[in-house]
Amino acid sequence: MLLQVENLEVKYGNIQALHGISFHVNEGEIVTLIGANGAGKTTSLYTITRLPPPEAPRVVGGDIKFMGESILKTRPSDVVKKLHLALSPEGRRIFGNLTVMENLKLATYAREKGADLDSEYERIFELFPRLKERRNQRSESLSGGEQQMLAVGRALMTGCKILLLDEPSMGLAPVLKYELFRKLKQLNEEGMTILLVEQNANLALHLAHRGYVLDTGNIVAEGTSEELLGNPEVKKAYLGG
Amino acid sequence: MDFIFQNVLNALQWGSFYALIALGYTLVYGVLRLINFAHGDIFMVGAYISFFVAGFLLGPLAGLSPMMTFLLTVPLTMILTACVGVTLERIAYRPLRRKGAHRLYVVITALMCGLILEYSNLAVLGASRLKFPELVDKQIWNVGGVAITNLKVLVIVAAIAVFLFLQWVVTRTRVGMAMRAISYDKFAIPLMGIPMDNIIVITFILGSGFAGLAGLLFAMSYPVLEPFMGMLIGWKAFIAAVVGGIGDIKGAFVGGFLLGAIEVAVVTVFPSTYRDLFAFTILLLILWMKPTGLFGIPQSTKI
Amino acid sequence: ADTIKIGFNIPMTGDIPEVGEGSKNAAEMYLADINGAGGVEVGGKKYMLEFVYMDNESKAESAVTAALKLIEQEEVVAIIGPNSSKQAVPGGGTANDNRVPMISPWSTNPNTTLDRPWVFRAAFLDPFQGPVAANFAAKKYNAKTAAVLFDISNDYSVGLAEAFKAAWDAKGLGPVVAYESHGTKDQDFSAQLTTIIKANPDFIFVPDNYNQVALIIPQARDLGYKGPFMGGDAWGTPDLVKLCGEECYGQYFSTHYAAAGATGATKVFIDRYKAKYGAEPADYAALTWDSIGLLVEGIKNAGKVEKNPRKMRQAIRDGLAAIKSFDGITGSSKFDEQGDPIKCAVVVKVANDGSFQFEESVCPE
Amino acid sequence: MRQYSLNVLMAFVAMLLLVAAHFGWIDNYIQIVVMTIGINIIMSTSLNLVNGNMGEFTCGHAGFMCVGAYVSSVISVFCFGTKLGDPMLPASSVLLVFPFILLIGGAVAAVSSLLVSIPSFKTRDDYLAIISIAVNYMIISALENMDFIGGSRGFQGMKDTYWAMIDIFDGPWMLFWVILFTAFNVWVIRRFISSTYGKGVNAICQDEVAAEIMSVNTNKIKIINFMVAAGLAGCAGGLYAHIIGYVNPQSFNILKSTEAMVMVYLGGMGSLSGAIISAILFTGLMEILRSQAIIDGLVSPITFMFPDWEPSAGVIKWVMIPLLLVIVMQFRPEGIMGNRELSDVFPKLKKFYRFK
Amino acid sequence: MMAQTQIQTDTTPVLEVRGMTQQFGGLRAVSDFNVKLMPGELTGLIGPNGAGKTTVFNLVSGFYQPTVGEIFINGQPTAGLKPHKVTSLGVARTFQNIRLWNDMTVLDNIRVAQHYWLNYGFFSSVFRTKQYKQREAQISEEAYELLEVFDLMQFADEFPKNLPYGTQRKLEIARALSTHPKLLLLDEPAAGLNSADAKDLIRLVRWIHEKFDVTIWMIEHHMDVMMELCEQIKVIDFGETIAEGDPEEIRNHPAVITAYLGDDNI
Ligand SMILES: Nc1ncnc2c1ncn2[C@@H]1O[C@H](COP(=O)(O)OP(=O)(O)OP(=O)(O)O)[C@@H](O)[C@H]1O
Ligand SMILES: Nc1ncnc2c1ncn2[C@@H]1O[C@H](COP(=O)(O)OP(=O)(O)OP(=O)(O)O)[C@@H](O)[C@H]1O
Ligand SMILES: CC(C)C[C@H](N)C(=O)O
Ligand SMILES: [Mg+2]
Ligand SMILES: [Mg+2]
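Each protein sequence line maps, in turn, to chains U, R, Y, X and P.
Here the first sequence is numbered in this note's numbering, starting from 1 and rising by one per residue.
Here the second sequence is numbered in this note's numbering, starting from 1 and rising by one per residue.
Here the third sequence is numbered in this note's numbering, starting from 1 and rising by one per residue.
Here the fourth sequence is numbered in this note's numbering, starting from 1 and rising by one per residue.
Here the fifth sequence is numbered in this note's numbering, starting from 1 and rising by one per residue.
Simulated pairs of lysine-lysine, DSS-like, Cα-Cα distance not exceeding 27 Å:
(1) Lys161/P to Lys350/X
(2) Lys5/Y to Lys24/Y
(3) Lys185/Y to Lys131/R
(4) Lys186/R to Lys11/U
Rather than coming from a laboratory, the hints here were simulated on the basis of the structure.
Excised from the complex, chain U in its bound form:
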């Protein structure tokens, strides 16, 4: 087991957001978290990446293990540097005062020198050609979707082995959304482990191997994608079918 969350409880101030959830991600898997708004998906990702307060919540119980070792004490910057675990956060959070290119460059901050970056930039650009056009534009003036592309591209540029994506398709045009998901599949086949949070449960489950369903801070269902897609409650509540 690569990443393992054990009955994790977290609070914002005194609002409990997660009531002891447990899930795990194996090497080379695509796992998805689905659930209604406010279920605690983003919170889970924040907690795993050990983001500092005030935005991120406080762990009050449970544990997060990476390769069997607790990472609750790890410095946030080391999550990327040492554990190679990257997050593309909800709401993009790109650096608006930097150009597109600078945003991508910055993402390589923690990488050891000598990595062949140029080819990687190219890979990003072929995934999102629009970014190439806009490479020298101040990124805050990008359109919503363009910013989303940049956020995902940035996460990829950190050269991490595990990718955490929070609603990556938010605000993306369908054509790009599908393109992105195909790309994720391909990355996964190349060995990337992916933890995906997605509103579009249908799409997410078709991509993922396994999934967990969150509801108000609890895991209410889990299983392989097929099981979940077949599960009538899940259908009713989240697949809008």
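Since the structure of chain U is already known, use the hints to place chains R, Y, X and P with the ligands on it.
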């Protein structure tokens, strides 16, 4: 003619101090969007530190020659002042940041820290002013009717050097890029694997260190030290930084010299009392025409 | 026993802390003396004196609030200080408005006492000091042209500069070629000095506080000025030499008395002061001593001590107004109808060992 | 009627103060402290309109106080004083005229606030901060160049107006005026910001773009808000000038502005009651720490170690107070009240007053 | 009552845009854009990311001034008008990422959005004139009515930031409606909603469209939402209109498929 040149020189020297302090302001601001109102007083502390360092080195214990003293005082002052700045960051600003306090509360804290520095100095060292010893034996060259001292040259060169250095750091290095990123959104910094606190500490080291340098040079040029020497010049330097476009190194540099030039020009033409009036009116007009300063990029609200 | 409460409105901090310190020292000495002797005798009964010191931070506005505090909060019956006209003019206004007698030891600006029946002083006035400086400089440097650099936000500096200019023009030797001003907090004077030097005067008159003098003279030298300077009584503190160093040696300024070569009571005072505080008393110390002397005289004249401070203040004021002449350690003075002393001034030289040497004494004819 | 009990209570306290002052049960010093508190309340609550409710960051509030102080002083000297020629009005009219003198001072201050509010159309936070600082300096420096009112050497003579009042009736007049204007000030602000019109200010603070697009005329609201704030500060200045009897441009420099800012942020941005409370606390603190005895007590451990070190209260005070504030901020990083009102903290209070 | 009472002569379009172009430095975000919306229409605007949709809305709502071209609301030109003026002409909008006043109660959010018809100023607000009292009463009445019909009543004194995401979207729409718009612009109202919530949104929009008889123009990337709601859909790319028609046509329009819809097998 030489009258003009003489005043240009005066303006350059006086502007150098504004520039040096403004650079520190802008650097910290450029990273934390924190108006570090204590900066002027860190400059003052720098001057006093240099006074004691120099005093010690010249004194019986070390008994160095003035020149040696100068060469040693520069690094020592910069290091010690940097420590003061970093301490402030650690004990006053960082906790607030951690608690997610509104940035204006950090600004107020900075203001308060400034006052503390001023008055604790007054309380400890007493009210009577200090005389800064002469380190470099002054030479006065007369170039075509223009009197130049080696000190003035030194000051101006220092200002330019510091500017070039900081400009290089902020625009060319990855640390600099990280600095700019932090200023926009701290949240995503760790996600890039960037140790934020280290970057911030580096910023304060640079900012305060050069404030210390400015303090030393100032003490050498105007050798009468008093606890409030940093207040007015600090505020003005800050204004200069903003007019240049706060957060922008180039802006601070230009702004500093601009302010210096305006002040000297006004005084040579009008009674000295018009100095502030004119200076600030001009700055106001500049900001009126370019709301984000000379070099600041207009913030485009994307909706 | 009941006591008479007197307030001191003096600069303990700010631009001229030495002045506050000196005044306080002198006051403490006087207090020890008189209370040691069982107090002042008024109307056959002895009263202890009580002194309250209030810091006016060498600022005009603080001088006013300090005066108010002494009056409202401490309910003193009389105030001594402020020293510098910068504080004494507004401070005097407050004392006068609130009907409390005040004596400024060192203030030389006419406005301090002008149309203020409640305000008195121990020092001569600038309309007298100005000509003294002018005449001396003309004689000493046989100068034809003069330049003036003064502090526009200091009544003293402005007043003395004007008095000097008037006197100089009156002499008709030559013009005042440059008349430049600066602010109190200024540290860089190169712009003004450049203008002055361009006008190339025979000497520069600097009626400024000593701390500014210490910046001005070296900067003038940096700008290549070789000529002499002339100063006013605000130069007269030990700190002038400490801050200014060699650059100030050989310059002259007019002041109230010269410690060096003093005789009689003055000598006694100086020796005792030296013994007690290990430093020569500067003129503000001596003047404070005299001011207290004046006040005590006034109290004696009052003849009785009222319980109600308002009444007591009135009495003291009348007592002070009644004084016609006074022999102090800064020389003897007569009082004109304004209540201002008419007395001699001295010119001293900053000698090359940093001490102040008596040069000459000028008395009003 | 219970809903008015708080107002009645306050009125009663005010009366009590005046009576006590009149019969000398509380000495002049206490009176001065009370008056200072009043003035500081006006300063902090009015600045709170801009820095709290509108979320701008202006650091030049004292500038407007300065304008008010000078204008009203000059007028009052013209009317009742002798410094600028003979009095123009009979001393008997002083009680009627004085409030208007203060209001005129406020009005001029309000107009001068355009210097800040017009640039604020295009700029926000720190650039506006500078503009306000610059304006503060400009005002001071402009006055320093007006020699007919003393320039940098200050202006004096307003006491005549005060004496004129005393001659009519020997009572604690300044205290009366301060209380009156403080009440007026709170009343105006409370009503302004509780109206839908005034809530536009909060909208601007939280999202200017949304406000503009949701039909709030942001520029107009800004101007109004700045004017109200500056105007009230102007009145405060007028009162200050007549209490001290002397004004000097330097009494209204950045430090004065800083005091106002400190009070606002200490109280909590956008909280009216917070601003009032902090004004009282702050002023109280200033006065307490003024006493040498208390200071000596506080620093006694140090003076014990260094016997020859005798710090003066005036200095130590300015170490203690900022230190205290820094510590307070560490524990309450949103100020005493945050952005809530007293009535939000103690809902019961609502029953006892209404400002409709 | 909320519903607009005065009858609209169906000849004047609620919105007419002629040859509108927006230039950002070197970049032409919208070029020669034309549209005409008749009262009561419910139209969609789709297009790839960065096509210029939001920019179009910004232009219509007066946030940007077009580089070229003119815009008419109910026949009146909006050239040179500040946004709040445009709003009082009858245009209201929501934002791509929610922009509520987070530290004001839900009720106040609704109330403040009625500034456009405040007829009193500072002094009457201080002296509580009759005029003031009347208008405040009306405003409250309308506000409560809106909360009622949007069943947000129970949140009236809540702060928006503490509301669930879906509810915030709803509140934003309610706020927009409280400015009495004739034209309502919705920028990706379903973004970040899951399929279930999206269903509710569809119902909501339909209901608003009938109840307030307001013309609605919306941007959305959720195709199912668009297809279900809109009578007409306009497709733009690189700021230029590439297709126009009812959902069926759009769904099968080759250009749209390649540029926007793509194929969904992954
Ligand atoms: N900064 C915060 N402060 C307080 N409570 C918060 C904060 N962020 C989230 N919450 C609460 O924590 C719970 C989980 O929020 P979270 O954002 O993780 O849900 P989510 O599944 O990501 O929802 P969405 O699909 O809208 O992103 C919600 O009830 C939310 O109100
Ligand atoms: N203020 C601006 N300055 C410079 N370029 C801008 C600005 N605003 C938008 N743009 C550019 O104009 C184009 C259109 O932006 P817009 O936000 O309208 O796209 P959109 O259609 O809304 O896309 P999305 O569906 O992703 O929101 C984008 O390429 C964007 O980079
Ligand atoms: C303190 C000194 C400046 C005293 C000077 N004689 C004056 O009147 O101000
Ligand atoms: Mg989320
Ligand atoms: Mg958009």
